[in-house]
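Asker: Put together the whole structure using the sequences plus the hints.
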Amino acid sequence: MRFLAATLVLVAVVGSTPHAQKDVVRERSDQAMRFLAWVTAVRSHAPGVVDEGARDIATWTQAMLNDLAVELANFRILMRSPKASTFSVTTGGKSPQSIYYKESALQRMREAAADLVARRVSDIDLIEQAVVLHTDLAFHPEILATPVETSGASGRALLLFGDGAQLGVGETADHLDVARKLLQLIPRGNTHDDDIRRWYEGTLARQQAIQFWDTQHTEAALERFPEAPELQFLAGCLHEVLASAAIRAVVERASLPGRAVLRVDDERDELRKAAAAFARTLQLRPDFVEARIHHGHVRTRLGELEPALSALRGVDDARLEPELRYYAAMFLGDAAEAAGRRDEAGVAYARALGLFATARSPRLALSYLAWQGGDRPAAQTQLESLLTAREDSDTDPMWGYPTFQARDADVAFADAEARLTQAGPPLKCTKTWNVPTCE
Amino acid sequence: MRVSGLGVLVATVTMATTIVAQGPTFSSRREIVRVDALVTRDNQVVRNLTAADFSVTDAGVPQQVELISFETLPLSVQFVFDDSASVSGERLERLRDGGRAVIGGLTVRDQAGLLTFGRAVDRREPLTPDLTRVRAAIDRMQAEPGGSGGGTTLIDACYAAMALADSDVGRALLLVFTDGVDTSSWLTQERVLEAARRSNVVAYGVSTAPVVKGSFLREFAERTGGSAFHVESVADLRTTFLRILDEFRQRYVISYTPNNVPGSGWHPLTVRVRGRNIAVRARAGYSR
Chain A
1 MRFLAATLVL VAVVGSTPHA QKDVVRERSD QAMRFLAWVT AVRSHAPGVV DEGARDIATW
61 TQAMLNDLAV ELANFRILMR SPKASTFSVT TGGKSPQSIY YKESALQRMR EAAADLVARR
121 VSDIDLIEQA VVLHTDLAFH PEILATPVET SGASGRALLL FGDGAQLGVG ETADHLDVAR
181 KLLQLIPRGN THDDDIRRWY EGTLARQQAI QFWDTQHTEA ALERFPEAPE LQFLAGCLHE
241 VLASAAIRAV VERASLPGRA VLRVDDERDE LRKAAAAFAR TLQLRPDFVE ARIHHGHVRT
301 RLGELEPALS ALRGVDDARL EPELRYYAAM FLGDAAEAAG RRDEAGVAYA RALGLFATAR
361 SPRLALSYLA WQGGDRPAAQ TQLESLLTAR EDSDTDPMWG YPTFQARDAD VAFADAEARL
421 TQAGPPLKCT KTWNVPTCE
Chain B
1 MRVSGLGVLV ATVTMATTIV AQGPTFSSRR EIVRVDALVT RDNQVVRNLT AADFSVTDAG
61 VPQQVELISF ETLPLSVQFV FDDSASVSGE RLERLRDGGR AVIGGLTVRD QAGLLTFGRA
121 VDRREPLTPD LTRVRAAIDR MQAEPGGSGG GTTLIDACYA AMALADSDVG RALLLVFTDG
181 VDTSSWLTQE RVLEAARRSN VVAYGVSTAP VVKGSFLREF AERTGGSAFH VESVADLRTT
241 FLRILDEFRQ RYVISYTPNN VPGSGWHPLT VRVRGRNIAV RARAGYSR
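Residue numbers (my numbering), protein chains in the order written: chain A, 1 to 439; chain B, 1 to 288.
By construction, these hints were calculated from the structure, which means they are not laboratory data. Incorrect hints may have been included.
[Claimed, not checked] Under 10 Å between C-beta atoms, here's a sample of chain A residues computed to sit facing chain B:
hint : residue
1    : Val121
2    : Ala245
3    : Gln380
We put the beta carbon where it would ideally sit given N, CA and C, even for glycine.
Answerer: As structure tokens, this is what we get:
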């Protein structure tokens with residue numbers, strides 16, 4: 001399987017994951033040394049860069065990544081209590097299980113923990129920096145192009161598609177899931193909450209910008225921040241896209257590994273979910289004009305024309321970005337046309353054409369209106385204008401509608417990562433016999 | 001004579017002259033409905049029928065029909081070809097080959113044109129009697145570059161081709177090829193199928209994807225009285241295209257002036273031919 005920057009991805013959930021439930025090995029010196037390599041990679045990582053340490057982590061399987069949780073817990077103990085020597089872990093509701101490290105490995109862990117304390121780097125700082133590392137790995141095209149899992153341990157399958165057709169399916173380690181689990185270690189209700197909410201905004205926006213449609217990450221965001229209008233809005237956009245023809249064509253013909261299930265409902269249910277999310281967004285932030293436009297469009301697709309018209313009328317505002325005014329006009333025309341208000345539809349489509357003179361969709365819409373009105377010459381005139389446009393100059397904002405909400409994703413993403421790396425710049429670290437030394 | 005745009009040929013005869021200067025004028029219109037029908041027995045085309053062999057009802061009311069000799073009507077073949085990223089390599093070459101074969105089967109009285117669709121609908125060559133131009137346009141066809149900006153605007157393309165090809169004269173054939181399904185049209189399936197009720201064109205669809213009942217391509221073709229074909233291999237495109245052209249040439253064109261029928265709205269049509277095991281394929285009705 002090969003991932004390309006221009007392909008689209010749907011995330012499927014894979015059933016039971018045997019690796020995740022496997023008993024923890026009692027003697028964990030190897031895991032401790034791997035954990036220390038991870039600490040080095042985390043501490044030397046610069047946001048947005050996939051450096052040597054990050055490339056090493058990228059080759060790890062999901063089981064290796066899941067293992068980090070055990071050593072991270074013990075490492076945090078060592079940061080607080082350097083003399084600690086007995087550790088235990090509880091998995092799957094079983095009784096606590098004792099684990100131990102060889103003295104040399106334990107000593108390395110102690111030294112690394114002491115080094116962090118001496119540098120006034122808290123365990124929370126380390127966790128936040130680790131979140132940034134795994135976030136960068138989750139989005140790096142080269143990393144996405146390197147499947148390291150075939151066993152279902154990642155708990156998800158990625159379905160690549162383009163233009164309504166499945167192009168491939170495979171598994172990669174889920175670094176975003178690792179990042180989410182790390183964030184769960186940060187206590188709620190403190191000053192970190194805003195940073196974490198911004199992280200969810202930045203990562204969801206970036207996913208949508210690269211057309212990586214992931215219900216799991218969206219649900220996790222809403223579970224943690226149900227009252228965040230920006231997250232509700234992005235959730236609405238996700239479900240709106242999942243109801244689109246481009247996705248339906250793929251979902252209906254998807255061929256997935258045995259235990260994988262695409263968590264995409266039928267078209268109307270996805271539209272209902274989208275409408276509910278947009279409605280919630282507007283409850284939380286009534287002046288969220290972009291959510292109002294999306295809400296109106298989704299209500300039209302659900303056949304709820306009067307609410308759609310109410311949402312879309314009066315949206316036109318010269319202070320809005322031209323694309324948003326265009327979408328509002330086109331969707332108002334669509335709703336009015338469906339409601340039999342041909343004159344209102346014609347005015348709205350003409351307004352959209354006034355905003356983007358070379359756009360295709362308004363001319364098609366105006367042609368169709370004329371055709372249905374029995375005016376064949378007018379219908380043909382609109383088509384002639386459309387088809388004689390210079391091919392290299394044509395553009396239609398409607399083509400970008402599925403991702404327009406993520407237009408500022410790069411800024412949001414960089415901002416989110418910057419907030420999580422306030423503990424300081426990355427260190428220069430080297431490894432000798434897999435033992436890190438940081439300047 | 002002009003077509004009203006509702007699948008109805010309208011002969012306009014100005015009856016009145018000016019009565020007084022600046023005064024009102026009066027006119028009357030005589031409508032002619034034209035129906036393109038394929039008649040088969042055991043999947044073989046039935047030839048040499050006359051008007052007397054046909055019985056037509058319009059909204060349940062029997063009509064007096066005339067038969068137009070199709071030899072008197074030139075063909076307008078509008079190619080509507082998918083040029084999205086997946087139509088490349090052998091698929092594209094086979095498509096070109098099929099298009100060229102159809103052009104080779106046209107006469108000097110016929111015309112053709114080429115629309116393509118990927119992310120957008122583009123007219124590569126307008127309908128023209130200069131078939132060498134159309135052949136050259138087919139030769140120049142290229143698949144759109146791959147990438148996330150791709151798309152397939154099959155529904156928009158079918159609407160545009162239908163609206164542009166619909167004319168008073170001749171017989172318009174849309175020959176639609178796609179290797180996928182619509183992913184990015186502005187117009188909806190429901191709207192374009194509704195629009196097809198108001199058109200005189202006959203559409204045939206060919207797809208490498210299954211054309212199951214309910215799929216847009218099949219519904220669109222059948223709504224216009226045509227058919228949709230699934231080809232297992234692009235190697236079959238040439239023979240399928242030629243079969244469509246041959247079938248279209250052997251269709252009968254019948255016409256009548258509606259008599260004692262309701263005014264506006266949908267007019268269901270039935271077209272029958274006397275005889276055993278005879279099947280007639282024609283559009284199901286028209287809108288006024």
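Asker: Each hint: holds or not?
Answerer: Structure-based check of each hint:
1. Val121: This hint is violated: A:Val121 lies away from chain B, its Cβ roughly 40 Å from the closest one there, beyond 10 Å.
2. Ala245: This interface hint holds because 5 Å falls under the 10 Å limit.
3. Gln380: 6 Å, holds
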